[in-house]
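Visitor: Sequence order for the protein chains is H and R.
Each residue of the first sequence is one higher than the one before, starting from 10 at the first, in the numbering used here.
Each residue of the second sequence is one higher than the one before, starting from 5 at the first, in the numbering used here.
Hints in this document: simulated from the structure, not taken from any laboratory.
Since we're looking at a predicted model, the values are computed, not measured.
It is possible that part of the hints are untrue.
Unchecked claim - Pairs of lysine to any residue, SDA-like flavour, derived with a Cα cap of 20 Å:
hint, chain 1, residue 1, chain 2, residue 2
1, H, K235, H, F225
2, H, K238, H, R262
3, R, K388, H, I165
4, H, K238, H, S253
5, R, K388, R, L377
6, H, K357, R, R158
7, H, K357, H, L37
8, R, K271, R, R254
9, R, K388, H, L156
10, R, K388, H, P162
11, H, K235, H, S253
12, R, K388, R, V341
13, H, K357, R, R156
14, H, K357, H, N246
15, H, K235, H, R251
16, H, K235, H, R262
17, R, K388, H, R157
18, H, K357, H, R29
19, R, K388, H, V164
20, R, K388, R, F336
21, R, K388, H, R155
22, R, K388, H, R160
23, R, K388, H, A158
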Amino acid sequence: MARALTRRAGGPRTLLRLRRALGSRTALVALLALLLLALWWLAGIQGVTGQRLLSLVVRGVMLGGILALGAIGLTLIFGVLRIPNFAHGDLMTWGAYLVLLGLPLLPAGPPLAPFSFGAELLVLLVVAMPLVGLTGYVLDRLVFRRLRARRAPSVILAMAALGGAFLLRSLIYLGWGADFRNFYTGRPRPAIELFAGIRVRPDQLFILGLALLLIFLVYLLLERTKMGKAMRATADNADLARISGIDTESVIRWTWLIGGGLAGAGGVMFALDTQLRPEMGWWLMLPLFSSVILGTIGHAYGALIGALVIGIVWQTSTAFLNPAYGPGVAFVVLILVLLFRPQGIFGKPGGT
Amino acid sequence: MGDTTVVKSLLLALPLWFVAARALPARLPWWARAGLGAVAAWAFALAVALVVPPGQMAYLVSFAIVGSIYAVLALGLNVQWGYTGLFNIGIAAFFAVGAFTSALVTTRMPTGAAAAFSEQAFGLGAPFLAGVLAAGVAAGVLALLVGGPTLRLREDYLAIATIGIAELVRLVFQNERWLANGPQPLRGIPQPLACLVDDPVCGWLPAPLAALFDPLAPRDYPYVYLAVATLFVIVVYLVLERAIRSPWGRVLRAVREDEAAAAMAGKDVARVRLQAFVVGAVIMGLGGALYAHYMIAIDYTHFDALYGTFLVWVMLMLGGSGNNRGAILGAFALWGVWTGAAFVVDLARPLLAAISSDLPARGPYLRLLLIALLMLFILLYRPKGLVGEERFVSRDSQGRDG
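This is chain R alone, in the form it adopts within the complex (with noise of 0.2 Å):
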């Protein structure tokens, strides 16, 4: 058991941790649950890494922070759809504004020689955290554009609005080169934390946390990056929570389930309405950023209707809409249906050959029909997905029944 495993195992404890302790029986003291967590969690995550192979292990990795960045997005969503019923199907808008965002905050212009290949509008060279702020705020003023003159219409009038800002935005990042070098890749997107894997390990550390890190090699980066990005799912998650247990959380809920009465019991519905828009589009752009970062090089095709819209939208309903576990649990279950049918596609390529010689090349857009379907069959048989909604009067008193 090398050094690095040891590492391994406590980046990937993290998360494992807090879901450890959040399972634990209620009536255990806080310390409790977090000791005990923190112990079923580590030995979980040794056992994993010691198990797996490595080149197991670097896909796992890699899955799970997709999955991450995935359920940001669909724990965005969730707010929108899931608690106010907004109908946004112009996720990937906020989803590239975010990216991009957080990419021209973060990246440097360009000098030199790449200069003459690569063009950007600005180019701050300021801090992870910095770019992910700044990928929020954009995310949210361009909610706040659109919802504006859309949210006090007719339900459905949203959905279109948004369809528009998602292909004008794409538009935009593929055509306008001096923004972000469309259509060619914008690159360079440092990675936060990076210095963790260098040799030596970032200066501010203090000493005995460089040594444990010591041993990793640059290529162990995914590791770290996974621990960042599911610690924003946890934040996403636990702001969420809150959110919707609070007094504001039921207004959303109101404002859903009956708009006059909500209106009638004195609340601001349109008011309500772009306030939920918002935050949901903020957290897209929250989910923009963490994948800027992690792919380092993006462009405007990573954002389409598909990846960017049509996914998420699948994730939450497998999930379950109104509930913030549900478009979690949603987001990696899809992931893994996603991936996972990217393999049998493959094992099934003889059979497709028999069929049509140009069939094994356009097999992965079985995929494709494989999740429409999937979402035909949510919709018409199995509406409330695979968690349903949770049910509760507010945060002091999570009944059964509301």
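Chain H on its own, in the form it takes in the complex (with noise of 0.2 Å):
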């Protein structure tokens, strides 16, 4: 009976075979090197060089690690808490901007040479990752929880998500206003040569140190913890895990500290390596969106592995593309992969 209804669907046989293969992880990966090779071919032809060329794929590396500490959090929210929350973009700026409230707050020291930054600011960082896990969680606790409640379907939970995100963002307009900040004006920060030829400003390098870090801190909580072994069985299967005796209210407020958190180091990341803007959040959700759904829905690694491919793919792109269309290029791997897999990379075939 299946059978007969996926052939009435699929048309001849071959052609199911042949959509089949097309799904397959090797295909979509397959896919992807043909991208970034299509995009180095490009930029072959417009003359860039091949050095030029390397240090964008090192510099789509450290996006790719700002971006991971976006898209994991995301991640995580939607796999366990069934939330496509599209206030992380937003949460990721309060981040940044909460570093910027403390910053005249603390006595500033030298900046830690090679680095523009001075140890204040890796005390605020420590300070605002649980502020902002903290901000997703009172948002969970007045509305989420809510409209878990009453059942709300995941598209309710998207609109309050979206509340939330212009919520954060008045708040962060009527304090700061719209102009473009700095965490500190006037300090020159020089790119220094790493190897070959590949330029990078040594802040670029500690952003990817720590988002290496964090992403470690991740995986060691996923993976030898109790509360990340409950996590990741929530992600699996909500209602089994329900069923198993996990504490589900434990795993809510656990899931938005992370995922909160984690965004928050990712804003001030993405601050530290460009600027301050309100709106800086809500033009990473479309990389971070994508992320996720190449590396599956609740999949961290894949979250990772999303936010690279990403990163190298948006850096690469600005080699003979007009660097504003970034996000863009993101959008065009988020649309081959719901054409080919929407499942994503790890996801189950058939899943979505």
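Both chains come to you apart, so use the hints to assemble them.
Guide: Structure, rendered in structure tokens:
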């Protein structure tokens, strides 16, 4: 019966086989590799040197690190709590502005050479991360919990998240206005040569290092602690997890604290690399969701891989495309994934 | 009482006529309703035009025009979300594509000195209605492209894809100078029926009508445009009411309520969703055209997530999803709250200055805070909105319960 139905839907059997082959994990990886090669080729015929391309890839990895901080939290909240959190980008912005709020309160130390920031920024980062997590949890207590109790569908949760996003952003606008800001004004941020002529700013290396450290901590948490196990179980099958006696309430609390904390760190890192703008997080939403879907919703390592792919593709495209289109390139990747394998790299066949 | 007031009140009475005729009891014959409605509407419009001082009248008219444009957008969203349950948070994309398409179709290529400052891909100099038509088609094609790969997937994917297309459209109109003069505004979008306020009045008009419009001066043009904009709202509303009460409309709601059951009944769910998505987008495109011809000059900043998408969502939710009258009511009510809040913030300036010297300049953002809180409040405590969904089975049995 089922076979007859699929046959009717998919047409002749060879076509069905082709469809299935195109939807395989290998095909998706090949497709992404092909996309990257096409980007390099396009850059090549425009006369971009290999050295420049290589340094763009290095920068892409760094950008991917920042995106991963946002995407891992987003995918956990999406997978564990079933909330498509459209406020996630604004949580990132929130983290950056919390640090900006604290900077004048602390004595400004000398820059930790070769970096452009002083120790106070690190202190504030450590303070801001749990605060952003707490913000997310408060939003959950006030809004999402009530909607969950009503068994609201996920689109309603998405809409509430959108309201939360605009709420957060209005607070940022009220506090700081719409101007561009920097953590430190007037400090030179020279690039140093890494190897083979690849130039990066020391801050960018710090960002990458911190992103790797935080991702490693999340790995430990998910793999080695009971809470991590509970979270993965809930993401895998929420009903089964509840029946097995997992404390849903503490899973919710920890998911927000971790997801929000990572988002806060990601926002601070992004602001350190570029500037602070109230809309910066909103513009990161598209790359974040693309990373999450590419890496399968609820899959933390998938989000990491997705973020790296998006970061590299984004930076590489700037070799020959107006850099403003970066988020647009992420959108192209998203559409490719949705067309061929909507369940993402790690998704089970037939999912979604 | 000048001749101008009479013409203005006649233009104002046009939409009111429709509302009055609909509001009269249905057991009266149609000609009685039309006649009584016309009298009541004109009397009311005349009273308003006489009593309200000219400055405030101009403000009211521009308020009503923008309200009508938002009403069209909210009606489009109502087809997608209200009736079919499609979560589109990229309204701005279809709005912008409609606006720029109509602008490109109706303007002429800049020539002479202007060509050095302004670029655009093409300029056909076509009439207003051609621009409106093209706007609807362009928005519909965009909806096909976005909806095709995403509508067959889980529902939240559409939300992400629509956010993406809205950003992409905005980026294109910001960065591609050759297309529509981005990031500079595309100027000189013609106004429909502008010749009514010229001297002499449009040549094609029969003499008695020409004499009627003769007293209007160019600064009275918004009255003409208000009639155009409200006519759009009325036409879209009537078409949608018809469609929603047709078998097609019932399938939409069936898909929204229970996809599996609709599929079991032999309905092609994916196809129905795509149809609803495209129809909604076409209406949003019309709204864009209406906006472009009102603004005369448009640029990418007009189509951001706040004005292009978020406000429309709160309007529909405030009025009542799944109810076309609610969508229109919500559009006007929320636009009233939004513009009214500006006055309140202005009054509160001294208070804001007392809190912090930076705050008065940022006062307008208080409105954003207010709207965001309003949205969360509606979601939590009043999910049905002001009027709630209308329940009916078909056009022929408009019962109270379906």
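Visitor: Each hint should be assessed against the structure and marked as holding or not.
Guide: Hints, verified against the model:
1. H/K235 to H/F225: holds (17 Å)
2. H/K238 to H/R262: At roughly 15 Å apart (the allowed maximum being 20 Å), H/R262 and H/K238 satisfy the hint.
3. R/K388 to H/I165: At roughly 13 Å apart (the allowed maximum being 20 Å), H/I165 and R/K388 satisfy the hint.
4. H/K238 to H/S253: Answer holds: H/K238 to H/S253 is near 12 Å, not above 20 Å.
5. R/K388 to R/L377: holds (16 Å)
6. H/K357 to R/R158: holds (15 Å)
7. H/K357 to H/L37: Holds: H/K357 and H/L37 sit about 14 Å apart, inside 20 Å.
8. R/K271 to R/R254: holds (11 Å)
9. R/K388 to H/L156: holds (14 Å)
10. R/K388 to H/P162: holds (15 Å)
11. H/K235 to H/S253: holds (13 Å)
12. R/K388 to R/V341: Holds, at about 19 Å.
13. H/K357 to R/R156: With a Cα-Cα distance of about 17 Å, the restraint between H/K357 and R/R156 holds, given a limit of 20 Å.
14. H/K357 to H/N246: The hint holds at about 13 Å.
15. H/K235 to H/R251: OK: H/K235 and H/R251 at ~15 Å, within 20 Å.
16. H/K235 to H/R262: holds (14 Å)
17. R/K388 to H/R157: Status holds; Cα separation ~17 Å.
18. H/K357 to H/R29: Distance ~13 Å between H/K357 and H/R29 Cα, so the pair holds.
19. R/K388 to H/V164: holds (15 Å)
20. R/K388 to R/F336: Holds, at roughly 17 Å.
21. R/K388 to H/R155: holds (16 Å)
22. R/K388 to H/R160: holds (16 Å)
23. R/K388 to H/A158: holds (17 Å)
The structure fails none of the hints (numbered hints given earlier).
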